[in-house]
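As given, the protein sequences belong to chains A and B, one line each in that order.
Using this note's numbering, the letters of the first sequence map in sequence onto residues -12 to 589.
Using this note's numbering, the letters of the second sequence map in sequence onto residues -12 to 589.
Mixed in with the good hints, there may be bad ones.
Just so you know, same-sequence chains aren't split out, so a pair can sit in one copy or run between any two.
[Stated by the list, open to error] Taking lysine-lysine and the DSS-like style, the derived pairs with C-alpha atoms no more than 30 Å apart in a straight line are: (1) K36 / K345; (2) K458 / K80; (3) K66 / K495; (4) K335 / K379; (5) K265 / K371; (6) K32 / K495; (7) K371 / K503.
Hints were generated in silico from the structure; no laboratory data involved.
Protein chains: 2
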Amino acid sequence: MRDATLGIILVFKFLPYIMYRSHNCGELRVADVNKEITLSGWVQKSRDKGFMIWVDLRDRYGITQLIFDEVRTSTEVMKLAKSLSREYVIQVKGTVIERESKNANLATGEIEVLVTELTILNEAQLPPFTIEDETDGGEDIRMKYRYLDIRRNPVKNSLLFRHKVTQSVRNYLSNLDFCEIETPYLIKSTPEGARDFVVPSRMNPGQFYALPQSPQTFKQLLMVGGMDKYFQIVKCFRDEDLRADRQPEFTQIDCEMSFIEQEDILNVFEGLTRHLLKSIHNIDIDAFPRMTFDEAMRKYGNDKPDIRFGMEFGELNAVAQHKEFAVFNNAELVVGIAAPGAATYTRKEIDGLIDWVKRPQVGALGMVYVKCETDGSFKSSVDKFYDQEDLKKWAEATGAKAGDLILVLSGPANKTRAQLSALRMELGNRMGLRKPDEFAPLWVVDFPLLEWDEDSSRFHAMHHPFTSPKKEDMHLLDTDPGKVRANAYDLVLNGNEIGGGSIRIHDKETQALMFKHLGFTAEQAQEQFGFLMNAFQYGAPPHGGLAFGLDRLTAILGGQETIRDFIAFPKNNSGRDVMIDAPAQIDQAQLEELSLALNIKA
Amino acid sequence: MRDATLGIILVFKFLPYIMYRSHNCGELRVADVNKEITLSGWVQKSRDKGFMIWVDLRDRYGITQLIFDEVRTSTEVMKLAKSLSREYVIQVKGTVIERESKNANLATGEIEVLVTELTILNEAQLPPFTIEDETDGGEDIRMKYRYLDIRRNPVKNSLLFRHKVTQSVRNYLSNLDFCEIETPYLIKSTPEGARDFVVPSRMNPGQFYALPQSPQTFKQLLMVGGMDKYFQIVKCFRDEDLRADRQPEFTQIDCEMSFIEQEDILNVFEGLTRHLLKSIHNIDIDAFPRMTFDEAMRKYGNDKPDIRFGMEFGELNAVAQHKEFAVFNNAELVVGIAAPGAATYTRKEIDGLIDWVKRPQVGALGMVYVKCETDGSFKSSVDKFYDQEDLKKWAEATGAKAGDLILVLSGPANKTRAQLSALRMELGNRMGLRKPDEFAPLWVVDFPLLEWDEDSSRFHAMHHPFTSPKKEDMHLLDTDPGKVRANAYDLVLNGNEIGGGSIRIHDKETQALMFKHLGFTAEQAQEQFGFLMNAFQYGAPPHGGLAFGLDRLTAILGGQETIRDFIAFPKNNSGRDVMIDAPAQIDQAQLEELSLALNIKA
């Protein structure tokens, strides 16, 4: 029966089929000489010498030089070739020939294509900026014409690179039996955490969905459901006031595992990071060092230190206080770093650094310096108060060697550490110590469970309210909540937090206790997270997880600081897509269908 | 410098690490006998014979039988084992031993684990339904406790299967140089197509983003941007009144290619479908038959025919009209099918079929039947009007053989075809001709470009407004728009549309013309889709694409009719997530921040 049917169906015939290209613009080589080929692509540039025309034809894969000449090309094609302009879309047929003057900078640089047929597939207006690696277009115009910006190698290659990273991640995790599971985008708004984007429900007047800030609760429910190794590469949403390099929608590599301890999670994601660095950069990373949050703050003033370079903090209270220098004597913390080889800095250069730390963005009141001369002597801005023996102790505490410059800040501990951390990173950049092709991962562990929020006068979860406190610190929850450490960890790469996670609470009682400490009444906790706490009553396994920020991970693996080129259609700092002009007004009828009215305050 | 840093960092020490399991519950075999192992999982069931207790321990990977007995197990562990109840989460240490009575139905059925240590990791309330393949829980309760439903094999395996399909799709397309590119979720509302979900923008009062119904325009912009092979597995959103088996958020495998013709796209996605069937079911599909839309409608009354079985339509106007039977004489179409081997149906069975087609959901006014007896004679419900010679012609037209039952409907052509199609599918189901393990793909091509919409009294795009008309039909756009065929195609599998796509318009003029025919003013077209038409001016390549519905594709590949088990957290028919209770009300403060007020009509 089936065959008879097929027999009849196959009677239908198609028109003859035209091939747009036999090769792409990046693959022809000397070995292809004399082949008759077809290419399609965009006119990168055209040089018309009258009797001869050269055209660089570009597609996603590269550039191939086309040649038209009076002798070998028909008058008609020659005429059409003269009408070509930048970014025209064309198709050519022709013969591969060896070039007379070869271009070693181009993969196809040994050949060119002598064109016999030319078809203009689409004309193009002159683009508003040049489609070159170094373009003449500013950020705004490139955002508006993002589809043209994507034609440029830096953006195109970033998007291809991102694909490579995500494929690599997916294959790695799938091979380890992780199952990618899609969690819903239309969920429920919760007051904890950042501000939600909401979605009015037409079918449920007056009610709203929320877009997920992360699939946190769903992945925990999957653990309750027994799916013991979950991952998802997933969009998340946060309606926050945008800072540079922050997007209202961003992508996470989201993972969760059951029947594990922190050690298992660190192992799996060390493995993933190792795999990425190996497969993408052919770099082997042996050790993933680990550091507690406290240690990171003390040594680098920062919970995401860049350990590609040293300049560890040296605390100088013991050796710099109790002398005649009141500024230090009155300070909670005196702390310094040794800038390698910077003893040769001129007075002007040092003043520049002092001005830099005094800028409002950093906020130091002043800075003391000590030059460690190559002859073993010291010269400082506080020679009046400290002798050579004193300064030698400073050098010991900061690890300074002959030729280094010690820079010292003082004041309230947290603030001073943050200031010195900013200076350290600035020096790292200026001195070229933050090499884009070097990769130094680091686990920061034992984060505090809670942090005090001045605005709301209560503790907030530092990670999120599902993070488990360390058992040995539980007794501090009532007496000194700020001291309780969490089973929480961040993966830091080159001074950026690329991932973070925790071992979760998996019993209703601890979860309820946690909500209590976050200022929820029992009713509020039940209303907001009742479904999770109920789930915990039906046999929740011990579980934990981690999420990587894919946008940043990709940028850093790509050796870049900004994420924008790694996102196909990013939004600007006002959350607008200037290309499609979104957000935009909607019809009154649409509003009414959603049971909404505008309520715009002047 | 770096090493010194690392040296210090590595001083930090971790607490000793406890392993939750050495094996999973699906992997122990006779070869493992005498091994000391650790397992963790859920108590599937427990049989307490007093001196001996058996527990089935379950995890994602399977079930392993545990045994506790008075002789070999400590009193303490024995006591704890007696307290175990269904769905408790436990960890056991013990020795693998060979079973006395083996269970051939269980992968681990030749062994059991003699338990020496038992830890209760979490207790569990009795679940509201049984965690068995055949559960006692109804749909509603299973949706509310979806995390428990996921523990059941049918749901768990569907989710694992979905992961396998998506990984397979991603690897196949990536190997063909397709690049997965994430397009934005916060885009702009457009009036064309289905209703959008919208997202109020706090930062732009009175303005809204929309969630994408598909990444259509973005993927076309990627083509303009030169990314000539794009794909994305992506969530899409439609705020439609829900029908059974339709979700407000659904997942698409979305693809687009440049410098291609329809033939290239069909080839690539035939290849993908072939790859899926081979890798998942080890089925080789040679031919992907093709059929025009017109042909599909004539032969099956349906643009997504199930060709696993015949019962092609036979048009009977020529042989059944111009006799004495007024019902047929007055009908636009008389059309029949031959149900194989159904001549033996009793009068009651045939009446049942007649009642079935007369139900309001089908809507036929009546049905004529002809039994093709094995002796070559015919017996019909219209013997009064037709003789044996007449009925023989009916049999020829419907392909009926001796022993078949011809069923004939009549009336307005489109309506009658739809009714007969419904009957054909019903018979296919009843007669077991729609075999879940047989896969019959089919391309349906040459869809109409436009379809008339009674409600709005205008033509709508049948596919979407970016689909290109066939060149040879362009002249009909003004005179007979309904006759214009599009370069549009659907991939049908077992009677379900699993994918659809088209070759797109790639020049501004044709796109503007298309919008005009859809009733847009030039201003409206510019306002809604100006960014796309502008893009077409900067060198758009010829392009086209296709999107598969992943939810349905997975269900069909999994041999299922409904998609719900293949979605981790589906919504119910009112668009609600009954587990988390979303959508829900939001705070007045949140509304005000969004410059919105509720406007609920009574």
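Tested hints:
Taking CA atoms no more than 30 Å apart as the test, K36 paired with K345 passes in neither setting, with 59 Å inside one copy and 78 Å between copies. In the homo-oligomer, the alpha carbons of K458 and K80 lie at most 30 Å apart only across protomers (24 Å), although the nearest pairing inside one protomer, at 73 Å, exceeds that limit. With identical chains, the CA atoms of K66 and K495 are at most 30 Å apart between copies only, with a shortest distance of 25 Å across copies and 79 Å within one. When the C-alpha separation of K335 and K379 is checked against a cutoff of 30 Å, the pair qualifies only within one copy, where the shortest distance is 24 Å, while the shortest distance between copies is 108 Å.
Proximity of K265 to K371 under the C-alpha cut-off of 30 Å is found in neither arrangement, the shortest distances being 54 Å within a copy and 83 Å between copies. With identical chains, the CA atoms of K32 and K495 are at most 30 Å apart between copies only, with a shortest distance of 24 Å across copies and 67 Å within one. Proximity of K371 and K503 under a CA criterion of 30 Å is satisfied in neither setting, with 55 Å inside one chain copy and 84 Å between copies.
The structure fails to meet hints 1, 5 and 7 from the earlier list, while all remaining hints are met.
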